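First to last, the sequence lines map onto chains A and B. Note that the numbering used here has the first sequence beginning at 18, numbered continuously upward. Note that the numbering used here has the second sequence beginning at 18, numbered continuously upward.
Don't read these hints as lab results, they were simulated from the structure. Just so we're clear, the structure is a prediction, and the values are computed from it rather than from any experiment. Glycine included, C-beta positions come from ideal geometry on N, C-alpha and C. One or more hints might be untrue.
[As the list claims (entries may be wrong)] Partial pick of chain B residues on the chain A-facing surface, computed with a CB cut under 7 Å:
{"no.": "1", "residue": "191"}
{"no.": "2", "residue": "194"}
{"no.": "3", "residue": "216"}
{"no.": "4", "residue": "219"}
{"no.": "5", "residue": "220"}
{"no.": "6", "residue": "230"}
{"no.": "7", "residue": "249"}
{"no.": "8", "residue": "277"}
{"no.": "9", "residue": "299"}
[Claimed, not checked] If you want the footprint, here are the derived chain B segments under chain A, 3+ residues with CB under 8 Å:
{"no.": "10", "segment": "180–187"}
{"no.": "11", "segment": "282–291"}
There are 2 protein chains.
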Amino acid sequence: MNDRSDRHLLGEASVAVVGLGLIGGSIAAALRARQYSGNVVGVGRSRERLEGALAAGLVDEVTTESPRGSLVVYCTPVDLVAEQVRSHSETFEPGTLVTDAGSVKGAIRDAMPRLAGGVEYVGSHPLAGSEKTGYEHAAPDLFVDRVCIVTPDESTTPEARQRLERFWAFLGMRVVEMSAEQHDRVLGMTSHVPHAVASAVAGVLADAEAPFAATGFRDTTRIAAGDPAIWVPILLANRDAALAGLDRVRGRLDEFRHAVKYGDARALDRLLAEGARNREALDD
Amino acid sequence: MNDRSDRHLLGEASVAVVGLGLIGGSIAAALRARQYSGNVVGVGRSRERLEGALAAGLVDEVTTESPRGSLVVYCTPVDLVAEQVRSHSETFEPGTLVTDAGSVKGAIRDAMPRLAGGVEYVGSHPLAGSEKTGYEHAAPDLFVDRVCIVTPDESTTPEARQRLERFWAFLGMRVVEMSAEQHDRVLGMTSHVPHAVASAVAGVLADAEAPFAATGFRDTTRIAAGDPAIWVPILLANRDAALAGLDRVRGRLDEFRHAVKYGDARALDRLLAEGARNREALDD
Numbered sequence: 018m019n020d021r022s023d024r025h026l027l028g029e030a031s032v033a034v035v036g037l038g039l040i041g042g043s044i045a046a047a048l049r050a051r052q053y054s055g056n057v058v059g060v061g062r063s064r065e066r067l068e069g070a071l072a073a074g075l076v077d078e079v080t081t082e083s084p085r086g087s088l089v090v091y092c093t094p095v096d097l098v099a100e101q102v103r104s105h106s107e108t109f110e111p112g113t114l115v116t117d118a119g120s121v122k123g124a125i126r127d128a129m130p131r132l133a134g135g136v137e138y139v140g141s142h143p144l145a146g147s148e149k150t151g152y153e154h155a156a157p158d159l160f161v162d163r164v165c166i167v168t169p170d171e172s173t174t175p176e177a178r179q180r181l182e183r184f185w186a187f188l189g190m191r192v193v194e195m196s197a198e199q200h201d202r203v204l205g206m207t208s209h210v211p212h213a214v215a216s217a218v219a220g221v222l223a224d225a226e227a228p229f230a231a232t233g234f235r236d237t238t239r240i241a242a243g244d245p246a247i248w249v250p251i252l253l254a255n256r257d258a259a260l261a262g263l264d265r266v267r268g269r270l271d272e273f274r275h276a277v278k279y280g281d282a283r284a285l286d287r288l289l290a291e292g293a294r295n296r297e298a299l300d301d
Numbered sequence: 018m019n020d021r022s023d024r025h026l027l028g029e030a031s032v033a034v035v036g037l038g039l040i041g042g043s044i045a046a047a048l049r050a051r052q053y054s055g056n057v058v059g060v061g062r063s064r065e066r067l068e069g070a071l072a073a074g075l076v077d078e079v080t081t082e083s084p085r086g087s088l089v090v091y092c093t094p095v096d097l098v099a100e101q102v103r104s105h106s107e108t109f110e111p112g113t114l115v116t117d118a119g120s121v122k123g124a125i126r127d128a129m130p131r132l133a134g135g136v137e138y139v140g141s142h143p144l145a146g147s148e149k150t151g152y153e154h155a156a157p158d159l160f161v162d163r164v165c166i167v168t169p170d171e172s173t174t175p176e177a178r179q180r181l182e183r184f185w186a187f188l189g190m191r192v193v194e195m196s197a198e199q200h201d202r203v204l205g206m207t208s209h210v211p212h213a214v215a216s217a218v219a220g221v222l223a224d225a226e227a228p229f230a231a232t233g234f235r236d237t238t239r240i241a242a243g244d245p246a247i248w249v250p251i252l253l254a255n256r257d258a259a260l261a262g263l264d265r266v267r268g269r270l271d272e273f274r275h276a277v278k279y280g281d282a283r284a285l286d287r288l289l290a291e292g293a294r295n296r297e298a299l300d301d
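The shape of chain A in the complex, shown without the other chains (with noise of 0.2 Å):
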């Protein structure tokens, strides 16, 4: 956990956010509403987003091409942030601190390229977000009081750790650390299987049910409206945790199968009781 108060201390000369979508354009909009004071620029793929970006203010300078940046953080589908790192890897400066934004950690490690010259590579999951996308919908305040998920491992240096800590809290965030593993377990049933169930449940919907669907369906599927080309690489990245967390869900869906098919109404109330226990135990 950080100490809020070194937010004004962001030592990094500069920062190169790697993809200006929902995640990216919000680090940018947060650094510029804490008033970072190092230069801040947007890299891209499409000349006319980056342009876009310029022009609202989010960066203040865009390049398609490699990034500079004491601190470059990649915001980009997890399947692409290793092969981004390794194309870029030529130009970084010695003591560039690199890491990305992915709800994947093991598999984006796994993948990473060697990286010389000082220059360091360490994994983040900053878990905030919506099923919204774009940089047209960042948010400065996206992070504060959210818990971001750092893993080093046993080659990170502590300065680098040090950093990026750093960096997050300037963002507003907690920073928790743990192992690749670890974070893939966590999330893959906090995050990866929750998307899979929600659209689950979106995709059997049949249009003429759609017009009753209220409240409830509404926030219970919210998420599925997320980008395919996002949770796809995600969920085939995290393969093991989301099979072993889909079973999970399976075996209770059955469980509630069998006592709605027997009319076990004891059951039934232990199953909503733990699930109302566990979902009023979360803070909102």
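Could you slot chain B onto chain A? The hints should help.
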């Protein structure tokens, strides 16, 4: 669908609301907010709760006995409605219109006693609510622009139909008629199954995972916080539709599982895209 211009023309001398939970309390609050000129009677079992609602200005009078009202609305758990109507039926005045706000319609209708003396029952289901309970969370605008399903049958008089529609329209609702059977099939999929699914996802969350449950998990599981005392009877009373809906979701989850297991990006993309399309078609 109603003509909103008739909102000041609710021709009921008095409205009795049985059960001052979220729905009953919000009906009372909405009648007040819309300057209903008749008497609003709160009916319940707990004298203390009733006095609280009276003190809060939600209702004009309260009773733990049989209610008087030209319109009596039962907002109690679905397994109690018919029995309560039975116990109250001897004191209903001629011309009383009885309805309920329960989430299942077939089982309530089947259990309903035969009513004499010009007393008529027609089922209703206002599609509004939240995971919160109790009149303390009552909101006068809970029903505005929401759909209310009413379930007349061949024995329903045109007058009862018109009075019921006028009542829900007075609260700001769009009224849709269908059979009790159709209601239960549709709501099984749009409400009862999502409740079980949300509860299943919340129910399998381990304590160690809970700190990392972010917005997506919270949205997906929000309704799981609902009161089991309300939801056990709903799921049991809509057994066939709930089982059919659970099977639809399970089949879909099995497709997700298969696609993840075998790394089938194309199948996964199709599944997620269908879910996203269905969810985006809902207007929030």
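_Next item in the hint list is residue 220(B). Is there a CB on chain A closer than 7 Å to its CB?_
This interface hint holds because 4 Å falls under the 7 Å limit.
*Interface restraint verdict for residue 299(B) against chain A (beta-carbon cut-off 7 Å)*: 6 Å, holds
*Close enough to count: is the Cβ of residue 277(B) nearer than 7 Å to one in chain A?*
5 Å, holds
*Verify the interface restraint on residue 191(B): the C-beta must sit less than 7 Å from at least one C-beta of chain A.*
Since the shortest Cβ distance to chain A is 10 Å, the answer is violated.
*Interface hint status, residue 249(B) versus chain A (Cβ within 7 Å)*: 5 Å, holds
_Status of the residue 194(B) interface restraint (C-beta, 7 Å, chain A)_ = 13 Å, violated
*Once the shortest beta carbon distance from residue 230(B) to chain A is found, is it less than 7 Å?*
5 Å, holds
*Can you take a look at whether the segment 282–291 of chain B is actually covered by chain A? Rule is 3+ residues, C-beta closer than 8 Å.*
holds (count 7)
*Proposed interface contact between residue 219(B) and chain A, which counts if any beta carbon pair is under 7 Å*: Since the shortest Cβ distance to chain A is 4 Å, the answer is holds.
*asked:* So, as I understand it, the hint says residue 216(B) touches chain A; can you test that by seeing if any CB pair is closer than 7 Å?
replied: 3 Å, holds
*Three residues minimum, CB to CB under 8 Å: does the segment 180–187 of chain B make the cut for coverage by chain A? Let me know.*
violated (count 0)
Going through the hint list in order, the structure does not satisfy hints 1, 2 and 10.
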